[in-house]
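Engineer: Sequence:
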Amino acid sequence: CIATARGLNKGEVANTLLHESMHGLFYAHSELRAVTWKFWDEVMDASEKSLWLHFLSSIGYNSSNEEVCVNEMLAYLTTEKELLRKYSIKPLEQVDGRGGVLTMERLQEQFVKYVEGHIPFPKPHLRGQYCAFKA
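Counted the way our numbering counts, the sequence shown spans residues 861 to 995.
I should point out that these hints are in silico values taken from the structure, not numbers from a laboratory.
Treat the numbers as computed from the prediction; the structure is a model and nothing was measured.
We put the beta carbon where it would ideally sit given N, CA and C, even for glycine.
It is possible that some hints are incorrect.
Unchecked claim - For each label pair, taking beta carbons as the anchor points, the in silico distance ranges come out as:
(1) GLU891 - GLU926: 14 to 22 Å
(2) SER907 - GLY884: 25 to 33 Å
(3) HIS889 - GLY867: 30 to 38 Å
(4) LEU877 - GLU976: 14 to 22 Å
(5) GLY977 - HIS883: 30 to 38 Å
(6) GLN970 - ASN869: 18 to 26 Å
(7) GLU965 - VAL928: 34 to 42 Å
Stated by the list, open to error - Keeping only pairs whose Cα atoms sit at most 20 Å apart, straight-line, the calculated PhoX-like set for lysine-lysine is:
(8) LYS898 - LYS909
(9) LYS909 - LYS870
(10) LYS941 - LYS973
(11) LYS909 - LYS973
(12) LYS941 - LYS870
(13) LYS946 - LYS898
(14) LYS898 - LYS973
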């Protein structure tokens, strides 16, 4: 069951449904869940994790719950553009462990490339809504 808040417009409802469907895939599709955890455990460096945890805390999540952080990583990094772009505009002046400037947009790009071969068919998609995986 997926619920949405009252008063949302059609676009906001569609975006919420897409985001929530990624949570469903996280739990229903073991390969996708495993590759998401592998990205968290083996690919992300400490500065990238710090950026992600700070982002989640800034929007009200309990960033001490690692499973929530990894699950939300799949949902946000595959279905959100505008919120991540707004967050990236803030001056972070962080450098990742690879010597590059750390942004949410770059983290999103890396994550999407890493998991895209593991998204089950049919790929989640709603017309007019951003999803990293086109149907």
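Engineer: All hints are to be evaluated individually against the structure, with a verdict given for each.
Structural biologist: Hint check results:
1. A hinted range of 14 to 22 Å holds for the C-beta pair GLU891 and GLU926, which are about 20 Å apart.
2. The supplied range of 25 to 33 Å is met by SER907 and GLY884, whose beta-carbon atoms lie about 30 Å from each other.
3. HIS889 and GLY867 have their C-beta atoms about 32 Å apart, which keeps the hinted 30 to 38 Å range intact.
4. LEU877 and GLU976 have their C-beta atoms about 20 Å apart, which keeps the hinted 14 to 22 Å range intact.
5. Separated by about 20 Å at the C-beta atoms, GLY977 and HIS883 break the suggested range of 30 to 38 Å.
6. Hint check: GLN970 to ASN869, Cβ distance near 31 Å, so the stated range 18 to 26 Å is violated.
7. For GLU965 and VAL928, the hinted distance range of 34 to 42 Å is not satisfied, since their beta carbons lie about 22 Å from each other.
8. Of the supplied pair hints, the one linking LYS898 and LYS909 holds, its CA atoms being roughly 13 Å apart against a limit of 20 Å.
9. Restraint check: the Cα-Cα separation between LYS909 and LYS870 comes to about 33 Å, which exceeds 20 Å; the hinted pair is violated.
10. Taken as a hint, the LYS941 and LYS973 pair is honoured in the structure, with Cα atoms around 15 Å apart against an allowance of 20 Å.
11. Pair hint LYS909 plus LYS973 holds up; C-alpha atoms about 17 Å apart against a cutoff of 20 Å.
12. Straight-line distance between C-alpha atoms of LYS941 and LYS870 comes to about 17 Å, which keeps the hinted pair within the 20 Å bound.
13. A threshold of 20 Å between alpha carbons decides the hint, and for LYS946 with LYS898 the separation of about 27 Å lies outside it, so the pair is violated.
14. Simply put, LYS898 and LYS973 have alpha-carbon atoms about 13 Å apart, close enough for the 20 Å limit, and the pair holds.
The structure shown violates the earlier hints numbered 5, 6, 7, 9, 13.
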